[in-house]
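Enquirer: Please take these sequences and the hints and turn them into a complete structure.
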Amino acid sequence: MLQVRNINKVYSGRKAFRALTDLSLTIREGEFVGIMGPSGSGKTTLLNVISTIDMPSSGQILINGSNPYKLRKNKLAAFRRQQLGFVFQEFHLIETLTIGENIILPLTLDGVRVSEMEERLSSIIQKLGIKDIRDNSIFEVSRGQQQRAAIARAIIHRPSLLLADEPTGNLDSKASRHVMETLQQINETDRTTMMMVTHDPIAASYCHRVIFIKDGMLYNEIVQGQNRSAFYQKIINAIALLGGDANEFSTIRV
Amino acid sequence: MNFLQFAFNNVKRHARKYAAYFFSSAFAVMIFFLYVAFSLHPKILPSTVNEIVSGGMTLGASSIVFFSFIFILYSTAVFVQARSQQFGILTILGMTKRQLRFMLFLEFSIIGVGSILTGTVTGLVFLKLFLIIASLAVGGSSMTFYFPIEALKTTAITYGILFIFISPLSYLFIGRQPLMELLTVRRRKLRFRNSSYIFATIALCCLIWSYVQAFRKDIGTFLIAFMVIHIGLYGLFRHVLPIIMRWMKKIRSLFWRKTNLLKLSETELRIRENGLMFYLLTILWTITCLCVVVLVSIRFLMDVTPNKEPFQLYYVSNLNNPKQDTHIQYIEQSLKQTGVTYSKQRIPLLRFTTTPENYVDYFMRYQDYVRLGEFYKSPITPLQEGEALWLSRGKENMAKNRTSIQIPNHSSSLQLLKPLDTKKNWMPELRGKNGSVLVITDSLYKELAANTAGESMTFFGYQFTNSNNALTLFALVEKGLGQEGVQDRYQYSLAAYYEYLFQQMPYIVIFIGLFITAVFFTAGASFVYFKIYSDLNKDLVQFRALYNIGVSIPELYQIVKTRVVLMMGLPSLFAILNSAGLLLFIKQQDDTMFKWLPFIVSFVLFILIQTCFSLILRKRYWAHIENSLK
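Each protein sequence line maps, in turn, to chains A and B.
Numbered by numbering that gives the first Met the number 0, the letters in the first sequence go through residues 0 to 253 in order.
Numbered by numbering that gives the first Met the number 0, the letters in the second sequence go through residues 0 to 629 in order.
In case anyone wonders, no lab produced these hints; they're calculated from the structure.
Glycine is no exception: its CB is placed at the ideal position from the N, C-alpha and C atoms.
Fair warning: there could be bad hints in the mix.
In the DSSO-like style, the derived pairs of lysine-lysine whose C-alpha atoms are separated by at most 27 angstroms in a straight line are [what the hints assert, rightly or not]:
| hint | chain 1 | residue 1 | chain 2 | residue 2 |
| --- | --- | --- | --- | --- |
| 1 | B | K618 | A | K72 |
| 2 | A | K74 | B | K257 |
| 3 | B | K16 | B | K629 |
| 4 | B | K11 | A | K14 |
| 5 | B | K257 | A | K130 |
| 6 | A | K14 | B | K629 |
| 7 | A | K72 | B | K262 |
| 8 | B | K618 | A | K126 |
| 9 | B | K537 | B | K262 |
| 10 | B | K257 | B | K618 |
| 11 | A | K69 | B | K629 |
| 12 | B | K478 | B | K445 |
| 13 | B | K478 | B | K322 |
| 14 | B | K560 | A | K72 |
Chain B is nowhere near these chain A residues, computed Cβ spacing over 12 angstroms in every case [stated by the list, open to error]:
| hint | residue |
| --- | --- |
| 15 | K14 |
| 16 | T25 |
| 17 | L61 |
| 18 | Y68 |
| 19 | H91 |
| 20 | G128 |
| 21 | S172 |
| 22 | R176 |
| 23 | E180 |
| 24 | H207 |
| 25 | M216 |
| 26 | L240 |
Expert: Structural data, given as structure tokens:
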């Protein structure tokens with residue numbers, strides 16, 4: 000599904016900075032992968048490079064077998080909105096639109112028929128439990144609801160890959176759990192491939208597999224067994240081993 | 000780092016944040032400086048001795064100061080609000096209120112001094128440029144560049160005081176807010192004030208009724224319409240348009256289509272939020288548009304008038320006028336005294352009231368006409384018996400269609416001819432109903448001279464070959480001969496007096512006009528600029544988000560375009576409608592005063608300028624967005 004081969008990313012500037020070094024990874028269809036690592040390890044850069052927002056300096060990325068970097072700029076926009084879905088830490092909902100309108104935005108940009116949009120919207124807000132706030136402005140709902148609306152927007156066009164950048168970073172633990180359960184549910188029912196960058200070991204414990212990155216290189220990888228809480232312990236251990244900042248070491252909250 | 004350095008670094012390193020504020024202040028300074036520099040220009044200064052004109056100049060200057068004060072105050076408020084979080088952090092760090100106030104004072108002083116310097120320097124550059132343009136526009140004597148030391152002083156003092164007053168005022172904007180409010184940049188909840196159908200209906204009725212009044216001739220109701228239209232306009236932006244937008248949003252097939260979703264909802268929000276601003280802009284630009292119309296009309300009039308009056312000064316004396324010789328002597332002496340050189344025409348005339356229209360007509364001999372023709376170096380028209388040549392058309396509109404006239408106590412009627420040279424008026428329109436001058440054959444003239452129904456008189460016309468002191472001369476002549484116009488036994492006209500005023504006035508009228516127009520134009524545009532830019536940082540995040548979820552660059556550009564077109568276009572459209580309505584009404588009242596051509600030219604000019612403004616605005620704004628996407 001997603002193949003990343005020998006990616007390098009160098010930020011040129013007064014002092015050149017190498018964010019990613021020879022990084023390769025593969026994500027299979029329907030997989031839910033978490034990316035973790037200390038601050039400045041290149042997690043977000045990796046996500047940006049995969050999401051075509053940023054260009055890799057060298058290396059190759061294949062999404063569903065095609066290389067998006069060979070596309071022209073406007074084709075790239077179309078590719079992004081048809082093949083990819085994004086969930087951000089800051090939600091990035093459009094202030095001028097209501098929740099419902101925010102969700103259908105990718106469809107309207109693609110010129111989908113109104114009746115179909117209605118249909119998909121009503122099914123998705125049903126599924127994510129945000130039916131009641133459909134016509135509210137985004138200032139009138141909680142952050143957890145905003146993030147779920149953002150998730151709904153990210154999956155309404157049935158993307159082949161959903162990319163999430165710290166989706167729980169701005170939420171309290173209850174809202175976090177709700178959001179993560181939503182993502183897990185989508186992953187299970189729709190078989191949507193997901194890749195999530197996170198700091199939060201609890202959020203990471205929902206993944207099938209967690210990849211650790213340090214200094215722009217692959218460091219470690221752990222796979223979920225049968226038990227989520229055991230997986231969570233493994234993640235905590237890996238973080239401790241990684242020797243990241245103290246703030247990486249969340250107190251056990253389960 | 001001492002305190003001064005801190006304040007200086009604050010300004011220097013947040014250059015972009017301060018830029019909008021800085022430039023708007025510098026702009027206000029520049030406009031004022033230019034205005035003062037013009038009014039003190041050595042060529043203009045002598046003609047401002049007139050009380051009314053100098054009053055007008057002062058009024059212009061004070062309105063510019065007032066406007067820039069409001070403008071600077073407004074931008075200060077926006078600017079200070081945008082920085083409230085920083086003030087909060089500084090307070091937490093232990094900055095006392097006094098220090099905060101001092102910091103603001105220092106910052107505003109730095110910006111103030113900077114903008115005064117920038118404003119005057121750019122003002123000097125523009126002064127040169129403007130003088131060139133002005134000389135071209137007015138034509139004739141060119142205005143030379145001078146170094147306006149007085150203007151520099153006035154500007155520096157006025158704006159120095161202004162900026163000193165601004166900083167304590169700016170403190171008022173933040174002074175009362177509790178620390179908590181300053182620190183947490185709470186996201187401003189969008190106010191969705193309700194629009195009411197009742198007010199919308201009332202507003203729409205007011206608006207339509209007012210526009211309809213433009214097509215009718217009743218001055219009283221038009222004046223009422225003049226008031227009522229304000230209700231209509233405000234209601235339009237506040238109630239009618241939001242309701243229309245709401246309806247449009249209900250049409251799913253329209254609203255849920257491509258970028259319409261973004262465009263329409265944003266448009267609705269902007270209209271809802273800025274109803275008052277739209278209304279103010281409309282009024283502002285209506286005035287601007289009318290200014291343009293007046294300026295262009297004056298420019299057109301100036302082209303027309305010089306040919307209109309063939310004699311700058313003439314004196315018509317009845318046969319039994321005892322004072323004729325003394326008057327003529329007095330006029331010529333005054334001419335000599337004021338140094339005006341001239342050529343003189345003396346033409347005997349006969350005056351009859353002719354039928355069927357009962358117009359007063361003046362008749363002159365063919366030989367005098369030939370003499371005039373030689374003088375003008377123009378072709379002369381041959382004349383047959385029973386014909387009369389039309390030298391001046393007369394005042395009445397109806398007289399255009401005259402073909403033949405009948406002189407009392409004379410058997411045959413006369414056919415009217417038009418002269419070959421129709422571009423120039425050879426003789427002025429004289430006093431009396433219509434008062435046109437006609438040429439008849441010498442023999443007929445001799446015959447009519449004996450006719451008792453007529454009066455014979457003598458026409459003395461003076462054509463100036465140099466006219467530097469014409470205004471002084473006119474004053475002198477008026478003093479000696481009494482009020483201009485018809486006396487018992489003589490009439491005289493300073494026909495060219497108004498023409499001269501027109502030639503002298505433009506410097507004043509056009510400059511004041513140009514300035515006020517320029518100020519209003521840019522005032523509106525910078526208002527829009529400020530409105531758009533105050534949200535720039537928030538917008539950048541939104542555009543980034545849109546870009547990330549796959550909105551293509553051209554689609555983003557569409558959104559920006561819609562925004563600028565809305566902000567500039569909507570008020571401009573209604574400004575044009577308003578001025579068109581007003582002009583239509585005036586035209587119905589007095590057909591001769593305004594012509595269509597200047598109207599159309601002015602509207603085109605207005606639209607062109609507004610388009611330029613919005614293009615620049617859009618380009619600058621888009622550059623910011625595009626940069627942030629890279």
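Enquirer: Work down the list of hints and note, for each, if the structure agrees.
Expert: We went through each hint and held it up to the structure:
Straight-line distance between C-alpha atoms of K618(B) and K72(A) comes to about 20 angstroms, which keeps the hinted pair within the 27 angstroms bound. The straight-line distance between the Cα atoms of K74(A) and K257(B) is roughly 16 angstroms, inside the 27 angstroms bound, and the hint therefore holds. Distance check on the hinted pair: K16(B) and K629(B) sit about 20 angstroms apart at the alpha-carbon level, within 27 angstroms; holds. Our distance criterion of 27 angstroms between C-alpha atoms is met by K11(B) and K14(A), whose separation comes to about 24 angstroms.
Restraint check: the Cα-Cα separation between K257(B) and K130(A) comes to about 24 angstroms, which is no more than 27 angstroms; the hinted pair holds. For the hint pairing K14(A) with K629(B), the CA-to-CA distance comes to about 19 angstroms; that is within 27 angstroms, so the pair holds. Between K72(A) and K262(B) the alpha-carbon distance is near 22 angstroms, which keeps this suggested pair within the 27 angstroms criterion. Taken as a hint, the K618(B) and K126(A) pair is broken in the structure, with Cα atoms around 43 angstroms apart against an allowance of 27 angstroms.
Taking the CA atoms of K537(B) and K262(B), the gap is near 17 angstroms; set against the 27 angstroms cutoff, the hint holds. A C-alpha spacing of about 23 angstroms is found between K257(B) and K618(B), which places the hinted pair at or below 27 angstroms, so the restraint holds. In summary, the hint linking K69(A) to K629(B) is supported, as the alpha carbons are separated by about 18 angstroms, within the 27 angstroms threshold. Restraint check for K478(B) and K445(B): the C-alpha separation of about 37 angstroms exceeds 27 angstroms, so the hint is violated.
Of the pairs offered as hints, the one joining K478(B) and K322(B) holds, with about 15 angstroms between alpha carbons and a cut-off of 27 angstroms not exceeded. At roughly 20 angstroms between alpha-carbon atoms, K560(B) and K72(A) fall within 27 angstroms of each other, so this suggested pair holds. Residue-level check passed: K14(A) sits 20 angstroms from the nearest beta carbon of chain B, beyond 12 angstroms. The Cβ of T25(A) sits about 24 angstroms from the closest Cβ of chain B, beyond the 12 angstroms cut-off, so the non-interface label holds.
Non-interface status of L61(A) relative to chain B is upheld: no Cβ of that chain comes within 12 angstroms, the nearest being about 19 angstroms off. Distance check for Y68(A) against chain B: the nearest CB is about 15 angstroms away, which clears 12 angstroms, and the non-interface claim stands. The claim that H91(A) lies off the interface is violated: its Cβ sits roughly 3 angstroms from the closest Cβ of chain B, which falls inside the 12 angstroms cut-off. Taking the minimum C-beta to C-beta distance to chain B, about 22 angstroms, the non-interface status of G128(A) holds against the 12 angstroms cut.
Once the 12 angstroms rule is applied to beta carbons, S172(A) is consistent with being away from chain B; the minimum gap is 22 angstroms. Its beta-carbon lying about 25 angstroms from the closest one in chain B, R176(A) satisfies the requirement of being farther than 12 angstroms from that chain. Even its closest Cβ contact with chain B, about 23 angstroms, leaves E180(A) beyond 12 angstroms, as expected for a residue assigned away from the interface. No beta-carbon of chain B is positioned within 12 angstroms of the beta-carbon of H207(A); the least distance is around 25 angstroms.
For M216(A), the non-interface assignment is confirmed: its Cβ lies about 26 angstroms from the closest Cβ of chain B, beyond the 12 angstroms cut-off. No Cβ of chain B comes within 12 angstroms of the Cβ of L240(A); the nearest lies about 33 angstroms off, and the non-interface call holds.
Taken one by one, the earlier hints fail for this structure at numbers 8, 12 and 19, listed in ascending order.
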